[in-house]
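Enquirer: Chains as they are written, first to last, in this note's numbering: chain A, 1 to 157; chain B, 1001 to 1264.
Honestly, I wouldn't trust all of these hints.
As the list claims (entries may be wrong) - Looking from chain B toward chain A, a few residues come up when the C-beta cut is under 7 Å (computed):
| no. | residue |
| --- | --- |
| 1 | Leu1045 |
| 2 | Ile1047 |
| 3 | Ala1094 |
| 4 | Ile1163 |
| 5 | Phe1197 |
These aren't lab readings, by the way, just hints derived from the structure by calculation.
Where a beta carbon is used, it is the ideal one built from N, C-alpha and C, also for glycine.
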Amino acid sequence: MNRSRTNLAVGFFVALGMAAVVFMALKVGNLASFDSSEGYRLEARFDNIGGLKVRAPVKSAGVIVGRVEGIYLDGETYEGVVQIRIRPSYHFSNDTIASILTSGLLGEQYVSLEAGGDPQHLVDGARITKTQSAMVLEKLIAQFLYNKASEDSGERK
Amino acid sequence: MTRVLDFIERLGASTTGALERLGLLARFLINLLGVILPMFKRVDLHIQQIYFAGVRSLAITIVSGLFVGMVLAVQGYEVLQRFGSVESLGSLVALSLVRELGPVVAALLFAGRAGSAITAEIGLMVATEQLAAMDMMAVNPMARVIAPRFMASMISLPILAMIFSTAGIVGAYMVGVELIGIDSGAFWSQMQSSVDFRMDVLNGLYKAIVFGIAVGLLSVFEGYYAAPTAEGVSSATTRTVVISSLTVLILDFVLTVLMFRGLN
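Isolated chain A, as found in the complex (with noise of 0.2 Å):
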């Protein structure tokens, strides 16, 4: 085999190689949507978080709008605390409420926001004060069984 087909050879192989890494990037790991280090941050404090995760998704009306960023523990008032990152064209009124839902019944957990009417917008590194925590399943159930108890005793009386 003389020099230039080995080279020939060669070259369609490293050609190959780069195009698997772009069918990677761009058909595979979506890399083109959302670029994390930019947008503008916001805090939101729930009193439980439930199964919410970094790297969620944070949605408006279903429309994914940014993502989870970090999550502590506020060691003072023990509220969880959520920080997201919102795409920088997306911006949401000085009322809106942050909610954490469940995609599905047993799928993911996410941050929903919906605005309100408030003319002002939230700013970097604002704080959402109008928050409602996940729903945890254990005490729904203990819920509807303390209501069901309290019911069959009503109706005994």
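Position chain B relative to chain A; hints supplied.
Expert: For chain B alone, coordinates are given in the frame of chain A:
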């Protein structure tokens, strides 16, 4: 009593033997590192070796990738349909291929296909005293023979791993979407929402580079220190495949723990 002592003696001998081999490997690596950079100017030698190690492994890699992807699709569908979430097949296949199977299986195939060939070639060169002859002609065999083969395996394996993963995803697409009939939009969008380029694809690539270094180093090392007999070359070749495969699997565990520890 003597039997116990015998046993302990053999244990000690095998331990010191293993340690000696490890020390030899370390010294070999240091010698090799010294000649890699100056040698890299000889691009033609490297291209020749990439051709033998990488390009000639292309067919086996693509075919294995296709079939691994197809099997993953069939098996994954079998399990996922019980939970009514066959749409997640795309993300299941892509994550397992990109994170684990791509680098690992490509490395195992590479060790069997190219690593064994490198060891046998160098071993035979040692047995027929070609390396000694080179040394006599003031050509450093470490630089002329060993370094290009090592670099070729370090460069080829990441490329092969990426091609393997891509072929696997295409195979899974063929079986999952074309044959079984999962919605093609859901297949790709589930895949895109769960695979992260930096976290998954790049980490897979880093793994493949580390495996390439490990397999390449073990192949040239075993060949270089092969006993200069027919039997010595054959046992060196076997050792290359066995030790490379084990090293790849162990390294894979260590790297996975290091890379994905902070994920959740």
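Enquirer: Can you name, in rising order, the numbers of the hints this structure does not satisfy?
Expert: Failing hint: just 1.
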